[in-house]
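K.L.:
For this one, chain A is given, so just place chain B on it according to the hints.
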Amino acid sequence: MLSEFYNDNEQAEILQPKTISLKISCNPALTNKLNTALRFVTLKMGYVMLEDFNYVENQDQYILLTTNRNKVSVELNITKPGTSSENIIFHTDDCLRDYHKYIMLGVEFVNRPEYSNCGLQVKFIDDHDNHYTLLEERYYNES
Amino acid sequence: MKFLRVLKNENRISSETVQQAYYPEHKSDFSIKTVFSGHRTFQLGKRQLNLYPESFLVIKNGTSYSSEIDSSVPVNNLSISFSPSFLQDFDRVQKYNHADLLDEPFQDGDHPEFSFMETIYPFSGDMKYNIMHLKDHLEKGTPDDLLINEYLHHCLINYYKVYNKEVVDKSEKLNFLNSSTKVEILKRLTLAKEFIISNYNKGIDLEDIARHACLSVNHLLRTFKQAYGQSPHQFLIKTKIDRAKYFLRNTNYTINEIVEIIGFECPSSFIRLFKSMNNITPGKFRMYS
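Residue numbers (the numbering used here), protein chains in the order written: chain A, 1 to 143; chain B, 1 to 289.
Next comes chain A alone, as it looks inside the complex (with noise of 0.2 Å):
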């Protein structure tokens, strides 16, 4: 059964953590809640910020996170204005994995999983009432 192959999962994550990447992305005119959804990240959804961030207009820029396991690279995207959405986009490849994942964690999602041109998103909101899309993007036109 399956029990056994998770325990050494679960050690091999322990002895040798990894790094992976989350993206977020948002809207110029949403940059000012960045702090605050930034806050949201580390106090309800379990990461840790290794530096500080100070948000620079026009720049490309990578945040470190941790977990308890993981080293969590993460890009932030400040989209062109007119192109985006209101809400703050954290980029998954996996969004049903995340959305249970978040929900454990006592997150606040507005709907359940579902499907759009671009792939499957769920919406989810904190205390300082910002808005959140977790979404997992998906190409259709492969065959």
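Read the hints as simulated data drawn from the structure, not as lab findings.
Remember, it's a predicted structure, so these values are computed and weren't measured experimentally.
A few of these clues could be false.
Stated by the list, open to error - Which chain B residues face chain A? A few, computed with CB under 8 Å, are given here:
| # | residue |
| --- | --- |
| 1 | 125 |
| 2 | 126 |
| 3 | 133 |
| 4 | 150 |
| 5 | 151 |
| 6 | 154 |
Claimed, not checked - Now the stretches of chain A that chain B is said to cover, found in silico as 3 or more residues with beta-carbon under 8 Å:
| # | region |
| --- | --- |
| 7 | 95 to 103 |
| 8 | 112 to 120 |
All C-beta atoms in this analysis are idealised placements derived from N, C-alpha and C, irrespective of residue type, glycine included.
P.N.:
Frame of chain A; chain B shown alone:
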């Protein structure tokens, strides 16, 4: 890797990689079958279906079937079997509004069978993303039944979408007033499609396909085009090209070997056709994949 995961609600997921195996005739719950390499042959009554990585197979609750793997390459396959209660609950949530579900949260007594067309469907898009994620979690040994059930729930959501696209939408394109005639024609066209996919490399012709579908050649040509927007021959060519794409992406077979496997006359006609359909040569397709 081989595993069998039985959840508390009796949903079951199993996977193994084998080159030779025979699975004797048995009945199962509603299930979804996939392969990620090679192919697996299913015998459902008189129907013989070959399942390749570009398709998934749906088997209805209570259907008796056997299957076999006999391959020169390892065949990685995955089967998901849904318990009747999980399936019925999903079906109710899709059909009824929140108020009705609150008034009657648990179903009692007999309910209509969750019935869909038992056949091969394209394995792509959200269905593929979802099953690949599920497989990944199971191979890592994720212990959480709730998470696994979330993926299974989305398997059904995605299957609904595929079913609507491949069956409901196609039947509406058929120019028959009588709905029972539409259903019967679509069943026979489904037999034709299955036959083409299962025998794409065996030199089949239009008469073979028509005979297998119990339709006259002219009737097959007319109705197939109405439903699927392409002729059986065009569908056969597309199936061959899709298989070629799989081999180009996932194997080191030479173009000549692929041409032989998919049953094309010669490499030059294959390359010409591949380029005209995809705007790229097979060699470049492999390079960029």
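K.L.:
Confirm or reject each hint.
P.N.:
Comparing the hints with the structure gives:
1. 125: This interface hint holds because 5 Å falls under the 8 Å limit.
2. 126: Residue 126/B check passes; min Cβ-Cβ to chain A is 6 Å, inside 8 Å.
3. 133: Holds. Min distance 5 Å.
4. 150: holds (5 Å)
5. 151: Hint holds; residue 151/B Cβ to chain A Cβ min 6 Å, cut 8 Å.
6. 154: Interface hint status for residue 154/B: holds (7 Å vs cutoff 8 Å).
7. 95 to 103: holds (count 4)
8. 112 to 120: Contact hint for the region 112 to 120 of chain A vs chain B: holds, 3 residues under 8 Å.
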